[in-house]
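S.K.: Given the sequences, and given the hints that come with them, work out the whole structure.
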Amino acid sequence: MNKIIVEILFPEVCNLFGDIGNINYLKKCLPDATFISTPLNGVPFFAQNSVNLIYIGAMTEKTQSDVVKRLSPYKQRLAQLIADGTPFLATGNALEVFGKNISDSSGETINCLGLIGISAKRDLLHRFSGLLLGEFNDSEIVGFRAQFSVAYSVDSDTTPFITVKKGKPMNHDVNYEGVRINNFFGTYLLGPFLVVNPFFTKFFLKLVCGSDVPLAFESEVIHAYNERITDFKRPQVKIK
Amino acid sequence: MSKLKFYFSVIAAKTAAKLLRLLHMNATNFPGQVGLVLCPNLLSYFKMPQTVIAVTGTNGKTTVSNMSADILRKNGFPDIVSNSYGGNVDTGIASVLLTNCRLDGSFNSNSAFFEVDERSAPHIFPFIKPDYIVCTNLQRDSMKRNAHTDFIFNILNSYIPEKSTLILNSDDLISSRLGSDKNKKVFFGLEKLPDEIPSDDSIICDIVNCPICGSALNFSLKHYNHIGRAVCPSCGFTNPKPNFDGVNVDRESHALTVLHDDSKEIYTLPADRITDIYNVLAAVTLTRTVGLSQSQVSSALNQTKIVKSRFDSFKIGSTDVIISLAKGQNPVACSGVCNFIRHENGQKAVIMILEDFYDAKRTSENLAWTYETDFEFLKGDDISQIVVGGKRCYDYLVRLLIAGIDKSKIFCCVNETDTVSLLKPQLFNKLIIIYDLFNVKSLDAIKSQLGSALERN
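Protein sequences, first through last, are from chains S and E. FYI, the numbering for the first sequence is 31 to 270, going by the working numbering. FYI, the numbering for the second sequence is 903 to 1359, going by the working numbering.
In case anyone wonders, no lab produced these hints; they're calculated from the structure. All C-beta atoms in this analysis are idealised placements derived from N, C-alpha and C, irrespective of residue type, glycine included. Please note that the accuracy of each hint is not assured.
Simulated restraints, written as ranges between beta carbons of each label pair [unchecked claim]:
(1) S:E138 to E:N1012: 27 to 35 Å
(2) E:K1263 to S:P244: 47 to 55 Å
(3) S:I252 to E:V939: 43 to 51 Å
(4) S:S135 to E:G1193: 40 to 48 Å
(5) E:Q1249 to S:Q110: 51 to 59 Å
(6) S:P244 to E:S1323: 41 to 49 Å
Cross-link-like lysine to aspartate or glutamate pairs, in silico, DMTMM-like; alpha carbons within 20 Å at most [said to hold, decoys possible]:
(7) E:K1143 to E:D1083
(8) E:K1293 to S:D261
(9) S:K263 to S:D203
(10) S:K263 to E:D1152
(11) S:K58 to E:D1308
(12) S:K151 to S:D203
(13) E:K1207 to E:D1152
(14) E:K1326 to E:D1222
(15) S:K57 to E:D1103
(16) S:K57 to E:D1308
(17) S:K105 to S:D185
(18) E:K1263 to S:E257
(19) E:K1065 to E:D1083
(20) S:K151 to E:D1052
(21) E:K1311 to S:E248
(22) S:K92 to E:D1103
(23) E:K1263 to S:E248
(24) E:K1065 to E:D1033
(25) S:K198 to E:D1261
Chain E regions said to be covered by chain S (calculated; three or more residues, Cβ under 8 Å) [to be verified]:
(26) 1115-1121
(27) 1266-1276
(28) 1295-1306
M.R.: Put into structure tokens, the structure is as follows:
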């Protein structure tokens, strides 16, 4: 098997809510893989090379504009990688960077990479925090959210990622959270998404590595996951 | 009409406060809530005392407020109106003002001192324009409450009155940029201390690129997280020069040497962790800027003690016990405590009760913050045991494993008060208990068990 290469985009600024926990966990799951951290002022490794996974985490609103600017020269390359089935994971508002645009309540519109069919509306005066219980591939998904923006699907071919069972969906008109295009997974769920969702992580690592990969601390991670799901399902738990 | 509403709200709030006192009920915000419902722009009608001071910032504002108010009380401001025992949002400040004012909204006191929650600036500073505003620092805090430092910076900066003299931390490249050219600014900072072990391995650094040109900053010193000294190699952006510069700490005599106007001033440190030093620097800079002399401030600081509910140490048998507040959901504050633990000498055990008491009751706590917290600092061989108590203990177990801590050292229990029974006293000679602010009841239950658990050791 070729050596697995994971590229983490801009971890110094795209780690707003503990998102780096995903990478630290992947390092434990894939001890032989190469992890490349590309800084905001650097040239992305994927520009000239093949990678097995590209990860990007949550960021500030100003950083979103910087990231769009940095990635714009590589838009075609990113589109090709998504089309070819390279696994991507974008957590928190990183998802919006790959969408068409972000309309801010101030009246400003930020044009984004336009690689996925969503458009976001941002309002810095109204922030939403909550929990989510959902389902993907017959496994339950748990997650946390904290966001100033809401995304709307603007293309009919955008595929939902997570079916929502409890908590707020991506917007009022749908019952799903996040989008999936081939092996690109984007979700507003933030922080250590891969740590708290071991069954998704198993599925995802199979996409990354081409075969089943045992999870690090598998029994402990699954035990914590089961405890959290039980907690989320308690009727008295306010989830939004 | 509005003025009538104001008078009515003063009477109603004072009555509410008296009733609550008669019922022995603690009501730090309630009179203010009543007042603000009756008169939404209530704060604009007070005839504020001659000197008004506000302290805000992410970490340290309570300590700096209490310390500074204490120094001022001992030096010519005996009847200062303050929210030391009240809330730090608009309702808390309204409560203090309503319960202390005369019926016409004026005060007997010549000064007022408020700790202000940084997010509450839009509700307070348009109406109350402090003569002095201290900002201790702006750092990552609870994501639910504060989102991120850009957000808080912009909120605060939009509402800082032009007349306010700003007391700012020059080692914080975020908050040191607060205010406009119209604000007078006085900076405090801290040089690298001779015995300091720089902390440049934290997960969080809230400013990595130059806010002017976007180039990567070169840090020459990190006291902790982003607090330190940096320069932009492209445009030269750097820390402002401190007017009150901490240059040395004598840990034996608990003395802090501060360089000010080319002369050395010595102050007593009630505690000597890096954050404690910054708190003293902020309090010294404020009180000296207000007009107190070095000897007045120094003499008052000699009598200051850290509140035992935040930090305490004692001995049981041969075991040293340290109890420290760690502020759950605040990754910077919690990392600071982890850094303190790693540098403490001795063979150590740690009890952690960090879960949010209210989240555990009402919802399911978002533990994303633990992945920004430097639990990696606890993986040294000099830590024999880590005992985690609380409903989310299995999430903590995973987090500690990812931090590289050996599973054999980690012990979990859902009931926080069971943590003591999991201790193995033969493995350590120092026990450090870290707890969230709202877990005091569990902490007290744990403390009550320590004697029997440790005395035989």
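S.K.: Are the hints correct? Go through all of them and say.
M.R.: Hints and how they fare:
no.	hint	in the structure
1	S:E138 to E:N1012: 27 to 35 Å	46 Å, violated
2	E:K1263 to S:P244: 47 to 55 Å	37 Å, violated
3	S:I252 to E:V939: 43 to 51 Å	49 Å, holds
4	S:S135 to E:G1193: 40 to 48 Å	44 Å, holds
5	E:Q1249 to S:Q110: 51 to 59 Å	56 Å, holds
6	S:P244 to E:S1323: 41 to 49 Å	34 Å, violated
7	E:K1143 to E:D1083	16 Å, holds
8	E:K1293 to S:D261	9 Å, holds
9	S:K263 to S:D203	23 Å, violated
10	S:K263 to E:D1152	55 Å, violated
11	S:K58 to E:D1308	14 Å, holds
12	S:K151 to S:D203	14 Å, holds
13	E:K1207 to E:D1152	17 Å, holds
14	E:K1326 to E:D1222	14 Å, holds
15	S:K57 to E:D1103	18 Å, holds
16	S:K57 to E:D1308	16 Å, holds
17	S:K105 to S:D185	18 Å, holds
18	E:K1263 to S:E257	15 Å, holds
19	E:K1065 to E:D1083	11 Å, holds
20	S:K151 to E:D1052	19 Å, holds
21	E:K1311 to S:E248	18 Å, holds
22	S:K92 to E:D1103	25 Å, violated
23	E:K1263 to S:E248	28 Å, violated
24	E:K1065 to E:D1033	7 Å, holds
25	S:K198 to E:D1261	18 Å, holds
26	1115-1121	holds (count 3)
27	1266-1276	holds (count 8)
28	1295-1306	holds (count 7)
Going down the numbered hints, you'll see the structure goes against 1, 2, 6, 9, 10, 22, 23, while the others check out.
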